[in-house]
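Protein chains: 2
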Amino acid sequence: MTPQSHEDDLQKLRGLVKDIDFCMLTTVVENGHLHSRPMSSNGDIDSNGSLWFFTNASSHKVNQIEKLPKVNVSFADPDNQRYVSISGSAQLVRDRNKIDELWRPEFKMWFPKGKDDPDVALLRVSLEQAEYWDSPASTIGYVLNFVSSLVSGKEADTGDNRKISFSR
Amino acid sequence: MTPQSHEDDLQKLRGLVKDIDFCMLTTVVENGHLHSRPMSSNGDIDSNGSLWFFTNASSHKVNQIEKLPKVNVSFADPDNQRYVSISGSAQLVRDRNKIDELWRPEFKMWFPKGKDDPDVALLRVSLEQAEYWDSPASTIGYVLNFVSSLVSGKEADTGDNRKISFSR
Numbered sequence: 001m002t003p004q005s006h007e008d009d010l011q012k013l014r015g016l017v018k019d020i021d022f023c024m025l026t027t028v029v030e031n032g033h034l035h036s037r038p039m040s041s042n043g044d045i046d047s048n049g050s051l052w053f054f055t056n057a058s059s060h061k062v063n064q065i066e067k068l069p070k071v072n073v074s075f076a077d078p079d080n081q082r083y084v085s086i087s088g089s090a091q092l093v094r095d096r097n098k099i100d101e102l103w104r105p106e107f108k109m110w111f112p113k114g115k116d117d118p119d120v121a122l123l124r125v126s127l128e129q130a131e132y133w134d135s136p137a138s139t140i141g142y143v144l145n146f147v148s149s150l151v152s153g154k155e156a157d158t159g160d161n162r163k164i165s166f167s168r
Numbered sequence: 169m170t171p172q173s174h175e176d177d178l179q180k181l182r183g184l185v186k187d188i189d190f191c192m193l194t195t196v197v198e199n200g201h202l203h204s205r206p207m208s209s210n211g212d213i214d215s216n217g218s219l220w221f222f223t224n225a226s227s228h229k230v231n232q233i234e235k236l237p238k239v240n241v242s243f244a245d246p247d248n249q250r251y252v253s254i255s256g257s258a259q260l261v262r263d264r265n266k267i268d269e270l271w272r273p274e275f276k277m278w279f280p281k282g283k284d285d286p287d288v289a290l291l292r293v294s295l296e297q298a299e300y301w302d303s304p305a306s307t308i309g310y311v312l313n314f315v316s317s318l319v320s321g322k323e324a325d326t327g328d329n330r331k332i333s334f335s336r
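Order-wise, the sequence lines are chains A and W. If you're matching positions, the first sequence starts at 1 in the numbering used here and goes up one per residue. If you're matching positions, the second sequence starts at 169 in the numbering used here and goes up one per residue.
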């Protein structure tokens with residue numbers, strides 16, 4: 001797998017999610033329960049394969065993530081029959097420069113005290129695997145594996161980036 | 169909490185999900201990764217608080233669920249800014265009478281051999297907690313707790329069915 005093919009995969013994913021404003025972020029609670037909630041993505045996945053979300057650092061989900069960082073981010077676009085599942089690891093980021101970079105005025109809707117509120121922070125979800133379905137009438141899903149090179153820093157085997165057929 | 173209020177909660181949930189054909193079912197893999205995939209719900213939640221999905225018994229997700237039965241089912245309706253998270257436990261059900269009851273001819277799209285294929289089975293997700301957001305502009309989510317009476321058979325405390333404010 002070449003760096004170019006990773007970039008192609010990221011471009012493909014960006015195209016799939018760019019018009020879906022809200023995704024569902026699923027976290028695991030210590031008792032094993034899975035909870036999800038709508039989150040506004042900025043419609044982008046950066047070149048490191050990270051998705052960024054604004055959050056309150058004191059929120060329940062941050063507490064959950066600090067104990068169990070594995071998460072799922074799902075994007076659903078029923079009108080276009082497009083569904084994306086992203087598996088990754090989430091991490092709280094309090095970098096004020098990054099907050100300044102990603103902040104948009106409309107986020108005041110959720111963070112009325114604005115970006116300088118010390119409780120305003122970021123969640124970075126580092127993409128490890130993505131699957132997508134571009135028609136629910138099909139049983140075919142596509143898997144893109146990022147874990148080897150993006151997370152471990154090692155190059156992935158060529159076989160890691162493949163299309164596979166899911167049985168339902 | 170009276171049985172009536174449970175029924176009211178189920179009615180509320182049914183109203184929220186009835187027009188959302190595809191939800192995302194999130195399962196946990198043994199290595200801790202969370203995966204989701206689109207699933208067609210039959211648009212109903214039965215009087216026991218169960219959601220039913222058709223599946224191939226030999227599928228990966230059934231294997232995952234048999235090891236780790238806790239799942240999340242999320243419904244997203246971006247046009248109406250409506251989002252629902254259902255936490256529950258999933259179980260494979262091979263009851264042929266139930267398969268006959270729930271089968272619809274259009275399911276042949278995913279199960280070309282039809283309902284008599286021995287690999288065709290059902291997944292029952294027993295609802296334990298539901299949360300919903302009827303506007304993403306709000307930070308208010310609503311929690312409906314079903315675990316006490318529907319899963320354990322005991323009556324829930326009145327305080328279990330409440331509206332709470334989520335911080336992001």
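Honestly, the hints are just simulated from the structure, not real lab data. Errors might be hidden in some of the hints.
Said to hold, decoys possible - For lysine-lysine, the following DSS-like pairs were computed, each having C-alpha atoms within a straight-line distance of at most 27 Å:
id: 1; chain 1: W; residue 1: LYS238; chain 2: A; residue 2: LYS67
id: 2; chain 1: A; residue 1: LYS70; chain 2: W; residue 2: LYS235
id: 3; chain 1: W; residue 1: LYS186; chain 2: W; residue 2: LYS238
id: 4; chain 1: A; residue 1: LYS70; chain 2: W; residue 2: LYS238
id: 5; chain 1: A; residue 1: LYS115; chain 2: A; residue 2: LYS18
id: 6; chain 1: W; residue 1: LYS186; chain 2: W; residue 2: LYS276
id: 7; chain 1: A; residue 1: LYS115; chain 2: A; residue 2: LYS98
id: 8; chain 1: A; residue 1: LYS67; chain 2: W; residue 2: LYS186
As the list claims (entries may be wrong) - In silico negatives: residues of chain A with every beta carbon more than 10 Å from chain W:
id: 9; residue: ASP9
id: 10; residue: ARG37
id: 11; residue: GLU66
id: 12; residue: LYS70
id: 13; residue: VAL71
id: 14; residue: LYS98
id: 15; residue: ASP100
id: 16; residue: TRP103
id: 17; residue: PRO105
We treat Cβ as the ideally placed atom computed from N, Cα and C, and that holds for glycine.
Outcome of the hint check:
1. Using a Cα cut-off of 27 Å, the hinted pair LYS238 of chain W and LYS67 of chain A holds, with the two alpha carbons roughly 17 Å apart.
2. With a C-alpha separation of about 17 Å, the suggested pair LYS70 of chain A and LYS235 of chain W falls inside the 27 Å cut-off, and the hint holds.
3. Note on LYS186 of chain W and LYS238 of chain W: the hinted pairing holds, with a Cα-Cα distance of about 23 Å set against a maximum of 27 Å.
4. Annotation: proposed proximity of LYS70 of chain A to LYS238 of chain W holds, straight-line Cα distance about 15 Å (limit 27 Å).
5. The suggested pairing of LYS115 of chain A with LYS18 of chain A holds, with an alpha-carbon distance near 23 Å, which does not exceed 27 Å.
6. For a cut-off of 27 Å, the pair hint linking LYS186 of chain W to LYS276 of chain W stands: about 21 Å separates their Cα positions.
7. At roughly 11 Å between alpha-carbon atoms, LYS115 of chain A and LYS98 of chain A fall within 27 Å of each other, so this suggested pair holds.
8. Simply put, LYS67 of chain A and LYS186 of chain W have alpha-carbon atoms about 35 Å apart, too far for the 27 Å limit, and the pair is violated.
9. Taking the minimum C-beta to C-beta distance to chain W, about 17 Å, the non-interface status of ASP9 of chain A holds against the 10 Å cut.
10. Non-interface call for ARG37 of chain A relative to chain W: violated, since the shortest CB-CB distance, roughly 6 Å, does not exceed 10 Å.
11. Interface exclusion of GLU66 of chain A from chain W stands, the closest Cβ pair being 15 Å apart, more than 10 Å.
12. Its beta-carbon lying about 5 Å from the closest one in chain W, LYS70 of chain A breaks the requirement of being farther than 10 Å from that chain.
13. With a least CB separation of 6 Å from chain W, VAL71 of chain A falls inside the 10 Å interface cut-off, contrary to its annotation.
14. With a closest Cβ-Cβ approach of about 17 Å to chain W, LYS98 of chain A is found to remain outside the 10 Å limit, as its non-interface label requires.
15. The Cβ of ASP100 of chain A lies farther than 10 Å from every Cβ of chain W, with a closest approach of about 18 Å, so its non-interface assignment holds.
16. Its beta-carbon lying about 14 Å from the closest one in chain W, TRP103 of chain A satisfies the requirement of being farther than 10 Å from that chain.
17. No beta-carbon of chain W comes within 10 Å of the beta-carbon of PRO105 of chain A; the shortest separation is about 14 Å.
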